[in-house]
Structure formats: C-alpha cells, structure tokens
Amino acid sequence: MKYKGRIWKFGDNIDTDAIIPARYLSTSDPEILAAHCMEDADPGFAKKIRKGDIIVAGENFGCGSSREHAPIAIKAAGISCVIAGSFARIFYRNAFNMGLPIFESGDLQALVSDGQRVEVDSDEGTIRVVNSTADPVRIQPVPPFMQELIRAGGLMKYISKKET
Amino acid sequence: MPMTITEKILALHSGRDSVSPGDFIEAKVDLALAHDVTGPIAIKMFYDTGVRNVFDRRKIVLVADHFVPNKDISAAQQVKRLREFAREQNLDYYFEGGEAGICHVILPEKGLVAPGQVIIGADSHTCTYGALGAFSTGVGSTDLAAVMATGEIWLKVPPTIQVNYTGARGPWVCGKDLILKTIGILGLDGAHYCALEYTGDAVKGLPMYQRFSMANMAIEAGAKNGIIEADETALNWLAGRSTSEPLILRSDPDARHEKRLTIDVDELEPQIAFPPSPADVRPLSGVDKITLDQVFIGSCTNGQIEDLSDAAAILKGKKTARGVRLIVIPGSPWIYRKAIEEGIIRIFLDAGAVIGPPCCGPCLGGHMGILAEGERAVSTTNRNFIGRMGHPKSEVYLANPYVAAASAVLGRIAGPEEL
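So the protein sequences, as listed, match chains A and B. Its first residue numbered 1084, the first sequence is counted upward by one per residue in the numbering used here. Its first residue numbered 13, the second sequence is counted upward by one per residue in the numbering used here.
Heads up, a few of these hints could be off.
[Stated by the list, open to error] From the structure, some residues in chain A lie toward chain B, with a derived Cβ separation under 8 Å:
no. : residue
1   : N1096
2   : S1109
3   : T1110
4   : M1239
[Unchecked claim] Label pairs and their calculated CB-CB ranges:
no. : chain 1 : residue 1 : chain 2 : residue 2 : range
5   : B       : G110      : A       : D1206     : 53 to 59 Å
6   : A       : R1234     : B       : D29       : 57 to 63 Å
7   : B       : N176      : A       : K1134     : 47 to 53 Å
8   : A       : D1125     : B       : I302      : 26 to 32 Å
9   : A       : R1234     : B       : D104      : 33 to 39 Å
10  : A       : R1234     : B       : S32       : 21 to 27 Å
11  : A       : N1214     : B       : D264      : 53 to 59 Å
12  : A       : G1161     : B       : N248      : 52 to 58 Å
13  : A       : K1087     : B       : R334      : 56 to 62 Å
14  : A       : K1134     : B       : I302      : 54 to 60 Å
15  : B       : Q89       : A       : P1226     : 33 to 39 Å
16  : A       : R1234     : B       : S256      : 35 to 41 Å
17  : B       : L273      : A       : P1227     : 28 to 34 Å
Don't read these hints as lab results, they were simulated from the structure. Every residue, glycine too, gets a C-beta built ideally from N, C-alpha and C.
Please work from the sequences and hints to get the whole structure.
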C-alpha cells in the first residue's frame, strides 16, 4: 500500500487524552469523535486537515488509556496513516484492530517539517519526502504475527477464520 | 528454564512448558472486563463478526463505572447497551447502580481475581490486579471482543523489569510515592512493552491497598503489566473474598530480567507528579507554593477504604481552605458503607467535602468535578495529561491521600507535617 499526504508533526508522548479527550467519550460515533481529533494537542486540528494527511510523531504515541476511540477518531478524521518513533502498547494493538495504518520510524521526525508531503510505501518499507532527493527512510518491519493478522483482514476476521 | 512470574503465568495459560520474551502466544483468559465507555464498542465488534455467544458467561464482567450515574443521554445509551448485552448473554457479573463501583476496586473486592490468573480488560488500568500476583493487562475494545468470543488473547511475552524497593518508608510515604518515583525514573515509556515486577522488603511491607496503587500505575511507565508475588498479605486479603484456588508463582532466582532497578525508600519523600506528565515527579519538599482550587480523593489508584481513612486521619477536626473544593469518592458501595460506619464520611463532611457516589468521577474529566480554565487540582488519581480533568488549560498534580488531604486544608500543595 502507498500513502501520500501532507504531514502534521507532533512531539513525544502524545497521549490518548490529547488524541480524543474523555469529555467526548459518551459516544463512539466516528464522525463526532473525528471532529475533536487531537483537540487538546492542536486545537482546530480536525478542521485544518485534508483527507489523506499524515501524522508524524515522536516516541510513545498513544500512551495512556485503552480507548479505541483514539484510532477511530484519527481514522475518521481522514488521516491516512500515523508514523511515530514508537507507539504505546495498547494504541498499537488498537490501530491494527481498527484498520488505521501505523508505521514505526525513529528517523523521520528530524528530517521533515510541518506541511511537507511524504509518501509511504508499506510493501517496500520506505518513506520518501516528496520532491526530495534524499534517501528514503526505512520503516521498522511489522512482526510476522501482525502481518498474519493484517492478511486475515483484522483481528475479528482472524479469529472467526480460526473458529471455523 | 528459569522464568519470571509473568512468564510462568503466560506459559501455564498457553499450554507451554516455558515462554521467552518476544514469543507470540495465545493465552487462555480467566476473566474479561469491560465498562460503559469501552464495552459498547466491544459489543458491536463482537456481534459484527457473527458470533452469537460469549465463550463463558461466568468469566465476563461488565461494570458501569465511568459516566455513572448517567451524566447525559449518550452516556445513558452506552450503559443501556452494556445492560442489554449482559441480559442477552446471561452474564453472571454485571454491575450497575448500587452494586457498582470502580471496576478495578470491585473486581478484587468481590473475589473475582486470584493469584496466577490471566485477566484482560478493556481499560488501561486493568494492570491493577497484578498486585495480587495475577497477570492482568489492558486492551482496546476489539481485542476484548475477541476475548469474549474465544476466551483467548494473543500476546507478545514481555521482558521483565524488576524494581527492588529497599529500606523503610517514612510516615507519610505510600505505595503511590514508590510508583510515582519509579515512573519518574523510568519515564512515560521506560517500561514500554515490559512487565514491571515489584519486589524487595519495602514492597513486602506494604499493605494490600497500597500495592494496588503500585500495580495500577504500571501503565503510566508504558508497562504491559505490573506484578507483585502473592504473599501472606495478599492471601490474608483474599481470605473471605475469593473462593478461587490461588496459584502462587514466584520468579526463579536466576530468571532473566531485562533490567534491574533498586530504589531505596529510606529517604523517599511524598512525591508529586507535575502536569502534564505522570513522569514529571518531584519530591514534596521541592514544590514551591502552588495554590489550589480543587482536591480529589478517590479513583482506582487511591479509592480503597484505607486510602480514605488515611486522608480522614489528616482531615479530622479540620476544614478545607477557603476556595478549595474537596471531592471524595469511595471506590465501591462496600467502601462507602464502611466509611460511614467508621465515621470517615463524617470527618470528610465536617471538613467541607463533597462525597460522590462510587464511580470514576472527575479522574478522567467525565463528570462530578470538572476543572475550569486556569484551575489547579491535587488529585490521588493516575494521570495528569493536558485536559485530563477538564479544561485544557487546567492543571492536575498527582499525590498520595495524605498529601491530598493536607493540601485541601492548606489550600496549596503541602504535606501533613505542615499542619
């Protein structure tokens, strides 16, 4: 898969309260959650972004609560994928389960700035900055078990296949 | 092969003789948990895949605790869905209203948790049960849906970081301070994907309620689980509560630990986590004058009966400072009743506190004590991220119940010795 979009940069330890504050958790409606995506990290974020845009963050993205509302909000807001130095454990699982593409790269942060466009090639395992001659950045490979989950079409499809 | 306690539990639950960090396993789950925020999504995912019945109606617990008593229509709808599902599936354990409290308080209290179990909950603070020597961890709603359907979960076996606490605690120092100090040292992702194993004399000397605080906040260092080997203290606590046969496991002396850390608590002071990070931890004596608008005592971190009596011991005969709102929320109906019987609630009321019904309350900015712009709170909870308890420009300082109580009286962050 390829994902191409304008990037929005965030720092380390972007927590799930920043991604979708608990004051909006009395619903799981993706549209409502999307409207408040990243609200406490960057007010007005949901209005500023365009479909296909990419979040680039530092270490430990999605730390804190287990709320699946976080990847739901990001995906429904139109973000095509999230690239971070690392992801908090629960967010990592949730993103795969929700079908939000996420990629680990510790090198990209320092190379790009807000508004630049990047192209992610998940098959090749590379990220290129659009209109740049610099070498592509490598994505951390996805563990084989996770690839199996993705191939099955997500966790629920994986288990229903196993059950039958 | 020598193993840690976490590895032993996971090996036993995946039908293997041994496991190593990094192994992907499918583990049998003894107990699955969801609440009113994460449950409705899990239920939808569960039915969406065409599954009809849960794997075992005796092993799923649903608790309405986050936005209850229902704060608005959409919260009410979420609880309604939880209730309907419990009926549809004829679940043994659905707690709502006067039976419900904070899930991580009532599960152990009702004897549903036992040493050696694997417990999976759609809540990040599910790691709390590690205090009783169980492997417990938080997941999202979809993972929980898969557990409800199959009774199993895929896990990557975590490497273990062992933290050895030595020395003797000072008078106002709690398990909360030990874990805050640990998170301060490790950072928000210092235990990323790891098991945090708490050991040493200072932990062995901790009463059960303070061990719960420690396991509860393992997630704040990015850990998968926090765990303390079940000992006499744990077994005594379980006696009369749990009927399950405890499976007492210990780390082998030569087990592989990714990292070993020693924290001497002799000189440890009460710790304060500054906003907006549970890892920005400073000793109380290093805190300048920080005036307060609100103090909250409660939550899955510090909502046990002894937490309340610790706070009440400080508040007895005193009043909260002018302009400070003190909110106290007992963790469960049993704790609430006990706090009334022991005269603790009267002390809080005399001090000017507001007592809330057992629920998560303002901890996550849901309801019952939301902060306005620019307001500051001391809270016995577990997170102080931006906007956690209300307005994005409000501030939350994390502390133990003694400090919270003293701060309420003095109107600024302070310890009991200043009273």
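Hints and how they fare:
Hint on A:N1096 holds. Least Cβ distance to chain B is approximately 5 Å, under the 8 Å limit. Proximity of A:S1109 to chain B holds as hinted, the smallest CB-CB distance being about 4 Å (cut-off 8 Å). A least Cβ separation of about 5 Å between A:T1110 and chain B falls short of the 8 Å threshold, and the interface hint therefore holds. This hint holds: A:M1239 has a C-beta 4 Å from the nearest C-beta of chain B, less than the 8 Å allowed.
Look at B:G110 against A:D1206: about 56 Å separates their beta carbons, and that is inside 53 to 59 Å. Separated by about 30 Å at the C-beta atoms, A:R1234 and B:D29 break the suggested range of 57 to 63 Å. A hinted range of 47 to 53 Å for the beta carbons of B:N176 and A:K1134 is consistent with their spacing of about 51 Å. For A:D1125 paired with B:I302, a C-beta distance near 27 Å keeps the hint of 26 to 32 Å intact.
Between A:R1234 and B:D104 the beta carbon distance is about 37 Å. The supplied range of 33 to 39 Å therefore holds. At about 25 Å, the CB distance of A:R1234 to B:S32 agrees with the hint of 21 to 27 Å. At roughly 57 Å, the beta carbons of A:N1214 and B:D264 sit within the given window of 53 to 59 Å. Against the hinted window of 52 to 58 Å, the Cβ-Cβ separation of A:G1161 and B:N248 comes to about 55 Å, which satisfies the hint.
Distance hint for A:K1087 and B:R334: a CB-CB separation of about 59 Å, consistent with the stated range 56 to 62 Å. A hinted range of 54 to 60 Å is violated for the C-beta pair A:K1134 and B:I302, which are about 44 Å apart. Remark: the range hint 33 to 39 Å for B:Q89 to A:P1226 is upheld by a beta-carbon distance near 38 Å. A hinted range of 35 to 41 Å for the beta carbons of A:R1234 and B:S256 is consistent with their spacing of about 38 Å.
For B:L273 paired with A:P1227, a C-beta distance near 32 Å keeps the hint of 28 to 34 Å intact.
Consistency note: the structure conflicts with the earlier hints numbered 6, 14.
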